[in-house]
Structures are given as C-alpha cells and as structure tokens.
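Given the sequences, and given the hints that come with them, work out the whole structure.
Chains as they are written, first to last, in this note's numbering: chain Z, -16 to 172; chain Y, 216 to 814.
Hint data in this document are derived by calculation from the structure and do not stem from the laboratory. Hints are not guaranteed to be accurate.
Straight-line distance between alpha carbons at most 35 Å, and here's what the computed DSBU-like set of lysine-lysine pairs gives [to be verified]:
| id | chain 1 | residue 1 | chain 2 | residue 2 |
| --- | --- | --- | --- | --- |
| 1 | Y | Lys380 | Y | Lys761 |
| 2 | Y | Lys658 | Y | Lys759 |
| 3 | Y | Lys759 | Z | Lys(-14) |
| 4 | Y | Lys236 | Y | Lys759 |
| 5 | Y | Lys665 | Y | Lys760 |
| 6 | Z | Lys(-15) | Y | Lys665 |
| 7 | Y | Lys440 | Z | Lys82 |
| 8 | Y | Lys665 | Y | Lys761 |
| 9 | Z | Lys(-14) | Y | Lys665 |
| 10 | Z | Lys(-14) | Y | Lys380 |
| 11 | Y | Lys434 | Z | Lys(-14) |
| 12 | Y | Lys448 | Z | Lys82 |
| 13 | Z | Lys82 | Y | Lys434 |
| 14 | Y | Lys236 | Y | Lys761 |
| 15 | Y | Lys434 | Y | Lys812 |
| 16 | Y | Lys759 | Z | Lys(-15) |
| 17 | Y | Lys658 | Y | Lys760 |
| 18 | Y | Lys759 | Y | Lys665 |
| 19 | Y | Lys658 | Y | Lys236 |
| 20 | Y | Lys380 | Z | Lys(-15) |
| 21 | Y | Lys760 | Z | Lys(-14) |
| 22 | Y | Lys380 | Y | Lys812 |
| 23 | Y | Lys425 | Z | Lys82 |
| 24 | Y | Lys760 | Z | Lys(-15) |
| 25 | Y | Lys812 | Y | Lys440 |
| 26 | Z | Lys82 | Y | Lys812 |
As the structure is a computational prediction, the values presented were derived from the model and not from experiment.
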Amino acid sequence: MKKHLVTSVLMTIATTVLLGILYPLVVTALAQLVFPDQANGQLLHRNGTVVGSRLIGQAFVGPGYFHSRPSNAGTGYDAANSNGSQLGPTNHALIDRVKGDVAANQADHPGQAVPVDLVTASGSGLDPDISPAAAEFQVARVARERALPEADVRRLVQEHTTARQFGLLGEPRVNVLELNLVLDDLTRR
Amino acid sequence: MTANGWIQIIVFLGLILAVTKPLGIFMARVFSRERTFLDPVMRPVERLLYRMTGVDEDHEMRWTEYALTMLLFSGVSMLLLYAIERSQQLLPWLNPQHLPAVAPALAFNTAASFTTNTNWQNYGGESTMSYLTQMVGLAYHNFASAAVGIALAIAFIRGIARREKETIGNFWVDMTRATLWLLLPMCVIGALLLVSQGVVQNLKPYDTVKLVEPQQIQKTGPDGKPMVGQDGKPVMDTVATQTIAQGPVASQEAIKELGTNGGGFFNANSAHPFENPTPFSNYLEMFFIFAIPAGLTYTLGRMTGSQRHGWAVWAAMAVLFLTGVTTAYWAEAHGNPLLSGVDQRTSLAQPGGNMEGKEVRFGIADSTLFATITTDASCGAINGWHDSYTPLGGMVPLVNIMLSETVFGGVGAGLYGILIYVVLAVFIAGLMVGRTPEYLGKKIEAYDVKMAMLVTLVFPFIILVLTAISSVAGFGTSSISNPGPHGLTQILYAFTSMAGNNGSAFGGLNGNTLWYNTAGAMTMLVGRFFMIIPMLAIAGNLAKKKYVPPSLGTFPVTTPLFTVLLVGVILIVGALTFFPALSLGPILEHLQMVAGKTF
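In structure tokens, the structure reads:
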C-alpha cells in the first residue's frame, strides 16, 4: 500500500512534467515555427491597427455593412465570453427573439422568408460566417447604402464565398468581417 | 437532408473502418510488449519513468492490486488538480489575465470531472482557468484519465484471454505504454494538423482589437440587469474594442478528442472558431474521438484469438451509430416548426434546418454527426449546443449516453462497457438454449453475472434518483433555464452525462451551484469507479477459469446473429430503464412542439 502510494505520487509528478509542461511547450514551439499566423489567431490589420481576427466574427448593425448572425457571447461577439443562447426549441423567448429579428430583416424584403442562419444565434456566439443565402438577402441593401451597383456587390460576395473544403466537407460560407473590410476599402477609395 | 451530408457520414464511417485494423494490431503489440517502430524513441523514456517512480515492469498484478493502484493514482492526481485550481492566482507564470483562484465547490467538481474522464464543465474556460491550470491541470488529466481507461480495457481483455492465471497485467506498465506509444505521438501530430487549420497555440495575453464598427450596447447595472435611466430610456455604452481570448489550445484540443475527454479550452468548446475553425478540423476531431475505441475492438479480437468476435462487436456499434446519426440528422434538418417567416429549407446556398446554436461552417450534417459521435463515445465535446436542438434531435445524444456509451465508446471505457453487455447477452442466450453460458471458452457463472448486473443497475439508479430529487427540490429546479418539459430534460441530461462520464450538457442549466457541483462530483466519481471495480472483478475471475473448448451447444459470438442479440440487449436494457423519463422530457416536448405550443 505504502509503496503504491509513493509510486502514485512520483508517477503523478513525472507524468505532469512530461504531459502538462513539456508536451504543450514543444507543440507551442513547433506551431509558432511552422504556422506562426494560424497559431496566433490570424489577426487582420488595417493601417497599422489590429481590427479583428479572420476566425472571430464581429457585430455589424449599420445598413451599409453585411450583418453577422445574432450572438450570445457576452453582450454580443465578446471573444472572451463565448456562448450560445441556450434557448430550447419551445422556449417562447426564442420564438419572440426570432420574430423580432425576422421583422427587422424583412424591412427590405417585405414578406420574404429570411434565411435561417441570419436569425439564429450560433453556438460560439463568434461565428465569423453567414450562408451565401444570408449574404444574398443583404446584397440589395448594402448596394443601395453604398451607392454601388448590385452586380458589383454580388460579385464581391461570390469572391468571398468559401466552398466546401476539398469539395466535400462542411457548408459553403461567407466571411462577414473580411467582406465588410473589402467593402470599406472599396468605397473609401 | 442532402446527398452531400450522407456522403460525409458514410465517408466518416469508412475512415473509422479503415483505421480499426492497423490501430488494433498496433495496440495489441504495444500491450503485449512486442516490438513496434516507436520502441527506439519510447523505450528509453519508459525505462527512465519506471526507474524514477520505482515501478517493477515485470511484476504482474491480481485484479485487486490493479484496482488499488488505479484508485491511488487517480486520487493523488485529482488532489494535485484541486490544488492547482485553488492556487492559480499565486502561481506567477502563465496567468496573463490574472484570473483568481477557482471557488472550492467548483474546483472540487472540476477535479472530479477531469479525473473521471468526464470533463463536465460548470465554468467557461477563457474566463476562469489560467493557461497554467489548463495545461498542467486539465490537459494533463485528459492524458491520464484516457491512459487509465485504455489500461483497464486491456486488463479486461487479458482476463478473457488468460487461462488459469491469477493476474491481469501491471497497471503502471499499461498506463505508461498507453501514454507513450499511443496518446502522446498521435497528439503531437494531431495538434499540429489542428494548428494548420487555425486552432491557436500560444501563451500570449488576450488580444484587444479595434472594432470595424463600434457598437452601442445597453449598460449592465451593479445588479446584473440592463440599466435604465430616470427617463425610462436604456443607458447605452459604446463598445469600440473586442477582446480575443488566446492560449495553448491545439495541444489540449488534440488530447481532448483522442482521449474522449471533451473539456473545452473555451466555453463554447468545439463550436469556438479557435478550437474548431474549419470543416476539416471538425472531421479530424471526430476521427480522433472514434479512432482508439474502434481500434480496441480489433485488439479484443486479436488478444483473445477470435478476430471475428471483434468484428461482431464492431458491427453492433456501427448499427447503433448509424441509427443515432440518422435520427439526429433527420430531426435537425427538419428545423423548428414554431419559427415563422424563416426560410429553413436546405439548399446549395444555405444549410437550413434548426441552426440555433449551430455554426454555419458545419451546417446540419456535420453538427449532428459530431453530436452523435461525442455521445456514442464518452467524449462530451460539442460543436453546437444540444440544449437548442429540436426535442428528438437532442434526445439522440441523451439516449446515446443512456446506452452507457458503448457505441465505440470512451477510450477503454467503451470497450469494457460493451463487454458487460456481451456478458449479459451470452447469459441470456444461455438461458434460451438451456446451457451454462460460455464466452470465448470461459464459463459465465453466477459471480460474473452478478457483477455485470451491479454495473448495469448502479448507472440508472444514480441518474434517476438524482434527477427525481432535482426536479422537485428548489435547489434543483432553480437552475432550469428552459421551461416546460425541456427543463426536465436539462436535469436528466445533466445527471446522465455525469454518471456516464460524458461531459456534454444541455448548457442552459446552471450547474455552478452548491447542489449541482457536489452532487455532480459524487455522480461522476461513482459513475467512473463504481463501474470499474465490478468490471475488474469479472476480469480477475475470468482469468482464473479453465478453458472450455467450444462444442455444438455453444452459442457462437462471432456471427451476425450475435450482433443482433447484442444490439437487442443494449436497446432493451436502455429502453426499459429510461423510457418513462424520456417520455416526460423530449418526447412530450416534441408532441407539444408539433401541436404549436410554447413555454
């Protein structure tokens, strides 16, 4: 019994050094060496300031921007407090929230059904993407607000649509932050 | 549902089928201490570990000694984790956000949770745990508890394979070899693959970025409620920056999946873009969850000399897996009928279906596939919130855990879990034929069946009793966030997940209370160790028995008929035990939802 206890203590210490310290440090060193951009969160820069991460969504409410999905991360897109709404399918709080978001979205398209991802909160609350349908739904508004031809905005959306990975995995998607940054660059010029 | 979705599911099962044999052979060689290609690197490390810790690698243990060393190791390492959590604010390194000590009840719950391979989390990682706690405390236990699970499965296989022996192996050797030959090398490769996809791996403080469009947000008052001014208008605040949590994520992510642990670095777990950025990282994580459990079925066949029995068990698992994923995919793709003005149709331009709590990059197919896999195995990682699933879609993960996570299952735990059902299946077959049941040449007698029944009964007993208490007492119901039948499902899911050492949750339930922290911790400890001890007792008892050559009257455990019987036993035991509770929770909610009722 005593021998086993001593071994347990020693084994815990030895494996903690190996698995809890050496392993993550070695992986960190390798990651920083081989994939420095990915390992640090793929931060995006504009005019010398960091304006976001390619992988982390931001909230947009202005009519000239493409809007992200509703978010329950902190007060919305808080990337230090990831979370979903946790609302169940029969919870009236969910039904009411969706109803309100549908009404807001239908201002430009009266009576037209809104793509579901645009009025549902993501799991992380940080979803950087919307579906191509949700982007198309907003093209007319963004084009009007920015005084751009709809066809140009639509082409921009298509250029920023990521297809299924290897043609098979996941779903096609549009990165909202990148798209909006390009729009800003375009109209500023 | 789309053709693409089905192809992704079938390709996934194909990959698991492909890895079963090579990984199974490799594990059989590792634990039989035969030569492998990793020996030149790992053998010196192994010897050094034994020398430092005083392990005699040629010593063989009886089942009681095996159980004792396993318990001592788990106990000591659990204490260390508790100490790290409680003192993380004192440790000067790797706490760039200056996070305070974890509160005692939460620290106890988390220590029990990670030691038992559950990874139930009553906290959000990025707002509670320092980098040091994540690496040295939590990720360490992801390795340790997984290695313990694999060791136990191997010990059980030895019990079946050995004849007239008193011993079932050496715990220290099995655990060390599981770590050095299997978990560590696969994790280094897996972690780097994840980083290539965008999983972060750094030790820097959280980044602060300037928002492209500053946001107006209603201020929160000191009482935690949104602030309203004297004129009745909301008090607004301008948010111009976003704080982005960072950390050594990839190294933890790899073992989180490979060890079927499931504890997220961030609160949103594998839904968080830094834990699971692309569809490929998602696929890789799912593959890691199932790889070792699938391989162990081949190891079982090889070490017991009946390869076809290993495949018969594999087939039973595959049948249950496909049933689960089909149901969940169907339910979620049909969406939520209560939402009006919403386009939930699936098309090339949008995933459609019930997207609440799900990520666009995964859509419906990859979300439901992940939910099925994480609960078939005792992983508990999530890439979308089960709480926001439709009633039947959310019932699939719940039922998967209720079936004791035997569908490939947790690393090691899945195999010894299904072997308990195998013992019951051959026992029932024996009753039908009217002979003493035999399993791979060993007579299954009263002692073995009693122990198997103990495992089978303790599990539902603790789940149902604690769910019953929590659903009537104020300290239980006050944590419910979704009213109506869904609230019962939240509690039922919590105790099922903790007793099954899964760790996924209906996340709206507030688990960070004195009751759920302490009752939950006890549930997890019982769910782990009370299952293991009877299981080791069976292993020890089987090892002692004489070999009985199969005769004409022996019920073969290598045929499709056996696979059907095994699936039947698993479903009947699960259904008989849990059907009443399920009908009051998800089934009732489904009927209400179809009838258009909200709560």
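### Query
Quick one, are Y:Lys236 and Y:Lys759 close enough, alpha carbons at most 35 Å?
With Cα atoms ~29 Å apart, Y:Lys236 and Y:Lys759 stay inside 35 Å; holds.
### Message
Need the status of pair Y:Lys760, Z:Lys(-15): alpha-carbon distance at most 35 Å?
### Response
31 Å, holds
### Task
Please work out if Y:Lys665 and Y:Lys760 have their alpha carbons no farther apart than 35 Å.
17 Å, holds
#### Entry: Agreement of Y:Lys759 and Z:Lys(-14) with the hint, judged by alpha carbon distance not exceeding 35 Å
26 Å, holds
### Query
Can the restraint linking Y:Lys440 and Z:Lys82 be considered satisfied, given a maximum Cα separation of 35 Å?
This hinted pair holds, its Cα atoms lying about 23 Å apart.
### Message
Hint check: Z:Lys82 vs Y:Lys434, CA-CA at most 35 Å. Holds or violated?
### Response
Holds, because 24 Å separates the two Cα atoms, which is no more than 35 Å.
### Straight-line alpha-carbon gap Y:Lys658 to Y:Lys759, limit 35 Å
11 Å, holds
### Query
CA of Y:Lys759 to CA of Z:Lys(-15), is that 35 Å or under?
27 Å, holds
### Query
Keeping to a limit of 35 Å between CA atoms, is the pair of Y:Lys434 and Y:Lys812 held or broken?
34 Å, holds
### Query
Can the restraint linking Y:Lys380 and Y:Lys761 be considered satisfied, given a maximum Cα separation of 35 Å?
Judged against 35 Å, a Cα distance of about 9 Å means the pair holds.
### Task
Assess, step by step, whether the Cα of Y:Lys665 is no farther than 35 Å from the Cα of Y:Lys761, and give holds or violated.
20 Å, holds
### Query
Is the Cα-Cα distance between Y:Lys759 and Y:Lys665 35 Å or less?
This hinted pair holds, its Cα atoms lying about 17 Å apart.
The structure does not agree with the numbered hints 11, 22 stated previously, though it agrees with the rest.
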